[in-house]
Every structure is written in C-alpha cells, then in structure tokens.
Amino acid sequence: MSNTQTNHGPTQHAQPSTTSGETAEDVREEWTEYGFEGDAKLSVEDLNVHYGDDHALRDIAIDVPEESVTALIGPSGCGKSTFLRCLNRMNDRIDSARVEGSVELDGQELYDSDVNLVELRKRVGMVFQAPNPFPKSIRDNIAYGPRKHGDMDTGLVARLLGRDDSDAEAELVERSLRQAALWAEVSDRLGDNALGLSGGQQQRLCIARCLAVDPEVILMDEPASALDPIATAKIEDLIEELAEEYTVVIVTHNMQQAARISDQTAVFLTGGELVEYGETDQIFEHPQSQRVEDYITGKFG
Amino acid sequence: MSNVRRSELSTATSATGELVATAVLGAAFLAFVASWLLIFQWVDETAVYVGIRVLDLLGGVLVVLGVGVAGVGVGSRLGYVDTTPSATAGATVGVVFGLLWAVLGGVLGTLVLGNAVLAWLPVAVVFGGLGLLASVLPREDVGSTVPVAVVLGLLGAAIGVGGLDAGWTWAPAWSSAVFPGSELVPLLVVFGSLLGAWSAAKARAGFGATGRQAGAFYLVRTMVFGMLGVLALLVGFIVVNGVDTMLTGAGLGGHLAVPVVGVTLPWVEFPFLLNDTGGLFVEIPGVLPAVVGTLWLVFGAVLFAVPLGVGTAVFLTEYAERERVTQIVEVATNGLWSTPSIVFGLFGLAFLVPRISGGNSIFVGQLVLGFMLLPLVLITSREAILAVPDDHRGASAALGVTKWETIRSVVVPAAMPGTITGVILGVGRIAGETAPLLLVFGGAPYPNSTPDVIGAFEFSAQPPFVTNDVLLSPASALPYQLYSTITAGVFPKDVFTNAEFGWGTALVLLLVVVGLYAVGVASRLYFRRRLHQ
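Protein chains in written order, with the numbering used here: chain B, 1 to 301; chain G, 1 to 533.
These aren't lab readings, by the way, just hints derived from the structure by calculation. Built from N, CA and C at the ideal position, the CB exists for glycine as well. Any given hint might turn out to be false.
What the hints assert, rightly or not - FRET-style restraints, in silico, Cβ to Cβ:
#1 B:294 to G:530: 41 to 47 angstroms
#2 G:528 to B:254: 36 to 42 angstroms
#3 G:517 to B:196: 27 to 33 angstroms
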C-alpha cells in the first residue's frame, strides 16, 4: 500500500504540532494500515478534496473489504461525509468541490473521465441522513430506479406490445421491502404515498429503494441520526444483515453504534485526516493514537 | 421587594365594564354601517329617524361612544372596573393621538382665529403636545380612552349641534375643490366609529397585553371585512344588473334533437348564452360567439405559454450555471409581466398580423395573449421548481438516474401545483384582456356566427399541408364584445338596450372566468393529491 504521507514519519511524532492544539500528533502510517484477506472492494489512494480554499480531506488512503460493515467515525466537520460522497462521486454535484487522487471499485478507477456515473451509482448506492422518499406511492418509490434504468417497463406501450413487467416489478418491490424489513408493515398499502410513513419506515423505504437497484456497495450517511431508538435498532439489525451480501460503508456519530455493527472502523479527526483504521474491537479497546483514544473516551470531541 | 409587577392570573374584567364596552362596540358598528350606507347613497342624508335628522343622530352616537369609553377608562382608573392595564398606552398610540389632536387643534384654531398660518399653527402644536401627553402620561386605561373620548365628543358635537351637516361644504383655500358635507360627514363618522371601536375593544378585554391584542385584531378584522365588502359589492352589482338580461327567455321548454336516434328530448333554453349576437333571424341576441372566442383564446394562450414557460423555468433552475444569466432573464421576465397589455397588442399588430394573417385573427390573439401569460407562468414555475427539496434530486442521482429523468419524473411533477397556480392567475388576467384584442383580434361588433375552429381544419398535399381559415379570421371575445357594445351607438335589436346587453355580457364574462378558475383549482387539487396521498 503506497502512501504519500512520507513526510509524516515517526521522527516527527514526538514533536507536538502547535497548529492543532495540545493533543496534536502526526498521523503514523502503521495506524491506518489494516490487513485483511482477499481483494479490496474499494481502494482509496492519495485522496484530497478541496471545497474552494478549504482543504476538506488530506491524503486519505484506505482499503475496504468486501461484504463487511465499515464505520467512519469522527467529530463534526472532519470530512467523513465528504469521504463517503467521494465513493460514488456525489461530490460531482457540488460545484466548488475538487477531488484529487484515486478511488478504485474492484480495481477499476472511478475518477477516470470515461466513467459512466449512471452505472457507477447503480453499483454504489447511497442512503442519506434524512429520509428522502419521493412524493410518490411506496411502490413507485421502490420501482423508481429500475424503471428509469429500463429494467422494468410497465408503461402503456409495453403492455400493448405484451412486454409488461408488472409481475416482475411486484416481485422486486416485495423482495426489496422484505430485505429492508419493511414488507410486513406496508404490504397492504403499497399504493399509499410514501410521505405518510413514519420517519423510521421512510428510512427503511429509502434503503429498500437503494436495494432495488441491486448495488454492490451501500453508502450510508448517518442513516439513524434522525430516528428514535426503536427505529434505530431496526436499522442497525438491517445493516448487519445487509453485510452478508453487500459491502456497507456507514458514517455515524454514535460510537456505540459503530462498535455494535461494524467489522472495521476508520477514525477521521479534525482537519480531514484519517488517523486510525483497523478492526473495530482493536480501535475501541486499544487505540494506538492518543488523539483517537481521547476522542473515543470522550475527552475530545 | 421585586420590581416585577404581578397581576391576577385570570384576566379580570368586571361585568359592568364589559357590558358598557360591548354596547359601545355595537353602537360603533351600527354607526360604521350607517355611514357607508350614506356614502353609497342608499340612505338619503336628509332622512329623518325618530324625529332627528340622520346626520345629527350619527353625531349623537359619536358623543355616546366617547362617553362610553371614557366611562370605562376612568372607572377602571378609579377602581370601579377591574382591569389589568399597563403603565402607559405606549409611544405609538401617543404619536397617533398627538397627530389627531394636532389636526383637531388646527381646525379649531382656524375656526376661532382665522386662516393665517401664525394663528392656527401654534394651536395645532399645543393640541398635538396635549394629545401626546394625555395618551402617554396616564395609565393605559385612561391614556387609551380619554383622548379618544375628547376627539369623539368634539366631532360628535360638531356634527350633532354644530355646523357640520349635509348642506355644509368645505372649500379649502389651498385648493379649488369643494367637499360636500353629505359625503365628508359620513366619512368622519366612519373614522370616529373605528376609533371608538378600537378603544372599546381594548377596554372590553381589560387593557394590558390582551387588550392591545383585542384592539389590533379589531382593526385587522375591520380591514378584512372591508375588503370582502368591496368584493361582494362589485360582484353583487354586476349580478344585479346583468341577471335579467342573462336570463331573458331562459327556461326548461327547449328541445334537443338527438341526431342518430331521431328522438327529441326536453332541454334547457338559454338564448342569451346559446344564441348568436347578430343575424337576421335571431330573436334574442346572445353571446355564444364571444364565449367560444374567449375559450379559444385562453386555450391557445395556455397551449403556447405553459410548455415554453415551464421549459424555460427548468432550464434556468436546473441547467443554467451562470448566476448572471439567470438574473438578467429574471429581470426581463418581471419587466415583461408589468408591461401594459396595449404594448403587447401593438407588437402583435405591427409584427405578427402582417406576417401571419394579414388582418385581425384568432391565432394572433392567442399568440399575443400567450406572450402576456408567459412571464407569469415562468416566474411561478421557477419558484415552484426552486421549492422542490434538493433531497429529491440527490436521492435520484444516487440511484443512478440521469438529470433529465430526474427532472421529468420527480422535479416537474412536484412543481406542478405551483405552476398551475400561476396559470390560474394568468388566465384570470388574459381572459378579461381587452386592449390587445382591439388591435389584433376583434371583428364585427355583432357577429352572426360562432367560430368553428375544429371544423375549419383542411389538409392538403402541398405545403403548408394544414390550413385553417377560421383561426386566421377575426372573431369576438367577451371583453371585446362588452367594449364594442358599450361604445356602439345603438343596439341592433329592440330586445335589449346597449347597457342591458353590456351588463349581461359582463356577468357572463365573470362566470366564464370563475369557471376557468374552477378548472384550474380542480387540476391543482388533482396534482397535489397525487403528491401527498
């Protein structure tokens, strides 16, 4: 794993930097190295993100294993959401964002100019912090992606030509809702508007909507932060189940949540640095960096 | 000792005070209504009730109002009436009463000392100061009643026993205008009754914060009812004047011949709506050509403006990246919306008419009204598209859906109700538009046939392949019909006079616009329901 943080060598470790407070220390390469078996699903190298003059992410390098849950934790404004949005190029939608470096999905570079964003986002889905269902029926919400990708055609022309996919679509809607543990609650009112669901149900609907496109990676940006504890518990169970088939990367503010559901954890700290990355138990029980220990034990937010 | 003053938890209002204040409110309301009846001359200003001339009666009511509010206020100050007043009525009330009293002083000064500025100005200033102090210095219950009572008392006395009556006129030296007392005095009573009612509303709620709220709500409510009153007056006037004409010959005695089966069914008879205006054999002239003309105009204009407006709004909101371009377009659209309609008409006459039809025509009328409708559709759909949460766009993008598909299936449907609101407003305006139609659209003042636009389509093998003579001919529309009827010298048939036919046309125009509104509101409800249910 090549890393450009060579100037942050161990020799500088003892000298506290005056710019980032009393507990500042330089990031050491071995803290962010995490060995696992098999190929990386996502592989990030030298990732730098600027919003105008603001340097939001610095030299991030991280490999995410397949079919696992990776938690990104850190204080507000440390760049973890920005990092997440780099993984399916949602930052392209922000005019002032400038992304440098490399992100590979199954060894394929995502920031090449010839990458098809439609295909990329079909393979790397995303669930947002606030539930954001469309003002349409539950069924239309789930089928929205497949219909727009031309996988499901239930339009009038298709029906007239005898190529109606209504049955396949009904099946897909049911499967996605079952996967998101929402089927039992909404099976009798699929035609109702999705905005009539509760917040937790809406968020699971958004997860189901994401699953309906059949992605390989699911990015979640604090998916439970707007929900009550019961809805949160449901979402957490769901994430653990999803990790059996999908690669899940989740940003969370809740350290207990990260400890409960994730296989590996990456800690971002103020300034857009990835300070420590490793097995979740290791990070929470024996953090190697003093700053990470302070953050996890609550001495520093 | 704490300097926080605590009052009783329950708003204390004694029965007597409330009773007096309520009575004052009622009397003020009656005086208010009576003055408007006088202003509109539904009641003669020389009328005599209970042996008293009506204006003297109103003057008396004002005095009674003054005595009533002053009674409650002073009673409250002396402890006979339980209230929860603040320490002072406040600076705003003070300034208002200062100005009121200054006017009062100016008038008195002029009456007593003459017209010279040096004579009345000092009196006005002294009175203004007194009014300010009288409302600010005492406790709120006195400060917001006694100054009112003084104004009401003086005004009432001047109207009741003084020289202010129907025959009196005011011819100010600085103007050549003469104000007749028959109009001015009721206006003064309207003003006085509002003042008294405000004060009484405050007193009834026991002064203090709740009292101020009651006073403010009273004034707001008066404005709302005033506005509704104006609306009702307008609509009522048109209905009363037009309904006889519209219903001439109407009944259930008609017959409808069903073409294929050969049966005749009973049907409604509505000659004014269903007959042509001119023609030799028309017994009761009607406005059918104008109704059909208006509907075609609105249809064409909407067909032209909505796709163009929504398309531009989508481009400006979703695609245009340069802030400056958007701003320039925005300024241009706002300017276009405020452009007088006759300018659009002139453009149509000078540019479109020679190029399209060579004379007045339905098609040019549709285009010109479409141009007029376009800016409003653009402005409202832009607002509606901007109001669609960005979350929807993000969610759609994250599912790998292209921007265009997102706009088509998420953004535009969510913006539809707002766009339709704009179209409704715009249609209301263009359906009643007259000026441009005079220039580019109108034909014979009393048309003897209804434009058959659909039947006039002709197809041919040579360019331009489709022709429509009717679309390129002049026609009539309701506002145009109204205008030409009013300005024409003599109505061709004996059944109606010009004025009668005009009122009937106006009523039908009103109904058509209401009908178009109903269609618009219904479609807005349909789209909104699709979004939220």
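| Taking the beta carbons of residue 294 (chain B) and residue 530 (chain G), is their distance inside 41 to 47 angstroms? | violated, 53 angstroms
| If you check the beta carbons of residue 517 (chain G) and residue 196 (chain B), does the distance land in 27 to 33 angstroms? | holds, 30 angstroms
| task | For residue 528 (chain G) and residue 254 (chain B), compare the CB-CB distance with the range 36 to 42 angstroms and indicate the outcome. | result | holds, 38 angstroms
Taken one by one, the earlier hints fail for this structure only at number 1.
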